[in-house]
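When you get a sec, could you build the whole thing from the sequences and use the hints?
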Amino acid sequence: MEVRRLRILREFADRGTVGEVADAMRLTPSAVSQQLKVLTREAGVPLLRQEGRGIALTEAGRALVLRADEVIAAVDRAAEEMVIYREGTQPVVRVASFPSGAGLLLPRVVAAVGGVVDVRPSDEDVTYSEAPGLLTEYDIVVTHRDERAAALKLPRVWSTTLLREPIDLLVHRDHPLATCDSVTPAELADETWISVPEGFPVDDVLVSLGVSTGIRPRVRFRFKDFQIVEDMVAHGHGVALMPRYVSRSPRVARLVIREVRAARLYEVLARPGAQHRPAIAATIQGLRDAAAVLESR
Numbered sequence: 001m002e003v004r005r006l007r008i009l010r011e012f013a014d015r016g017t018v019g020e021v022a023d024a025m026r027l028t029p030s031a032v033s034q035q036l037k038v039l040t041r042e043a044g045v046p047l048l049r050q051e052g053r054g055i056a057l058t059e060a061g062r063a064l065v066l067r068a069d070e071v072i073a074a075v076d077r078a079a080e081e082m083v084i085y086r087e088g089t090q091p092v093v094r095v096a097s098f099p100s101g102a103g104l105l106l107p108r109v110v111a112a113v114g115g116v117v118d119v120r121p122s123d124e125d126v127t128y129s130e131a132p133g134l135l136t137e138y139d140i141v142v143t144h145r146d147e148r149a150a151a152l153k154l155p156r157v158w159s160t161t162l163l164r165e166p167i168d169l170l171v172h173r174d175h176p177l178a179t180c181d182s183v184t185p186a187e188l189a190d191e192t193w194i195s196v197p198e199g200f201p202v203d204d205v206l207v208s209l210g211v212s213t214g215i216r217p218r219v220r221f222r223f224k225d226f227q228i229v230e231d232m233v234a235h236g237h238g239v240a241l242m243p244r245y246v247s248r249s250p251r252v253a254r255l256v257i258r259e260v261r262a263a264r265l266y267e268v269l270a271r272p273g274a275q276h277r278p279a280i281a282a283t284i285q286g287l288r289d290a291a292a293v294l295e296s297r
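For the sequence shown, the UniProt record's numbering begins at 1 and goes up steadily by one.
For the record, the hints were derived by calculation from the structure and aren't laboratory data.
By construction, the Cβ of each residue, glycine as well, lies at the ideal position given by its N, Cα and C atoms.
Do not rely on the hints blindly, as some may be mistaken.
[To be verified] Dumping the calculated DMTMM-like pairs for lysine to aspartate or glutamate here, alpha-carbon to alpha-carbon at most 20 Å:
hint : residue 1 : residue 2
1    : Lys224    : Asp125
2    : Lys153    : Glu267
3    : Lys224    : Asp203
[Stated by the list, open to error] Here are the in silico distance ranges between beta carbons for each label pair:
hint : residue 1 : residue 2 : range
4    : Asp23     : Ile228    : 32 to 40 Å
5    : Leu66     : Arg251    : 45 to 53 Å
6    : Glu81     : Arg288    : 17 to 25 Å
7    : Ser182    : Ala292    : 22 to 30 Å
8    : Arg251    : Val211    : 27 to 35 Å
9    : Ala60     : Arg108    : 24 to 32 Å
Spelled out as structure tokens, the structure:
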């Protein structure tokens, strides 16, 4: 079985349609279909089945995709090493991170491994469950989740925990609670809240606060950007939950919330086997080192 055809099969597993595979790989749909047919003959078992007007992977096809991930990772690792020996060029690693994590981690990572790896960073604002889908375009994805939420366990995704970041309460520096070191959920029952969109990790903690108090938090504003959330608090428009390493404004006070586990976990995602490629391994180590700097603050 040719690696090129295994790549096409993997793209189909990731994208779901022949048309999307053709667009991603700059092929015609007929060329994609032909290569999948050849791969089926090479495998000796049906890899695809008809499903409505489209096609889907059979059980054998899904099994082969898992092996394809391993084969492609090994081939890419070998090719990466040969390019370094032959040309002395830096291997490229594409990294996506959720926006607030990108600002905290990626500048340090680029500085740390920039002489060895050509890191191509980007920010992607998606939910935790959507993050694995980014591996169709990136080598490494940094995502985050509420620490009480179940971790993703997908056969075609390798993951490791990078960092635990506590979530604090932000209030305006003139707020009656601003002089306290910590608060209980009950003390927050009457507050007006500024939060992130529903379904994002920090908002999950706010929902937990509502369960603890028996009172549904009054959320007046929602923003994706933590900087906007903090600015709204700094101008006295409400209180908010904020990951500890993100908050910077001198116009707010940061309090610990007692009785509720409040933190988000940073996770690194990659394709199985890809974490062993030297360039990707170096980039992941750079992420770990950057996380250690944050935790030492």
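How the hints compare with the structure:
Restraint check: the Cα-Cα separation between Lys224 and Asp125 comes to about 8 Å, which is no more than 20 Å; the hinted pair holds. Under the criterion of a C-alpha separation no larger than 20 Å, the hint pairing Lys153 with Glu267 is consistent with the structure, at around 12 Å. Among the hinted pairs, Lys224 with Asp203 is consistent with the structure: their alpha-carbon atoms are about 11 Å apart, no more than 20 Å. For Asp23 paired with Ile228, a C-beta distance near 35 Å keeps the hint of 32 to 40 Å intact.
Between Leu66 and Arg251, the C-beta spacing of about 52 Å keeps the proposed range 45 to 53 Å intact. Between Glu81 and Arg288 the beta carbons are some 22 Å apart, a value that agrees with the proposed interval 17 to 25 Å. At roughly 26 Å, the beta-carbon separation of Ser182 and Ala292 lies within the given 22 to 30 Å, and the hint holds. Against the hinted window of 27 to 35 Å, the Cβ-Cβ separation of Arg251 and Val211 comes to about 30 Å, which satisfies the hint.
The given range of 24 to 32 Å is broken by Ala60 and Arg108, whose C-beta atoms sit roughly 44 Å from each other.
The structure fails hint 9 only (numbered hints given earlier).
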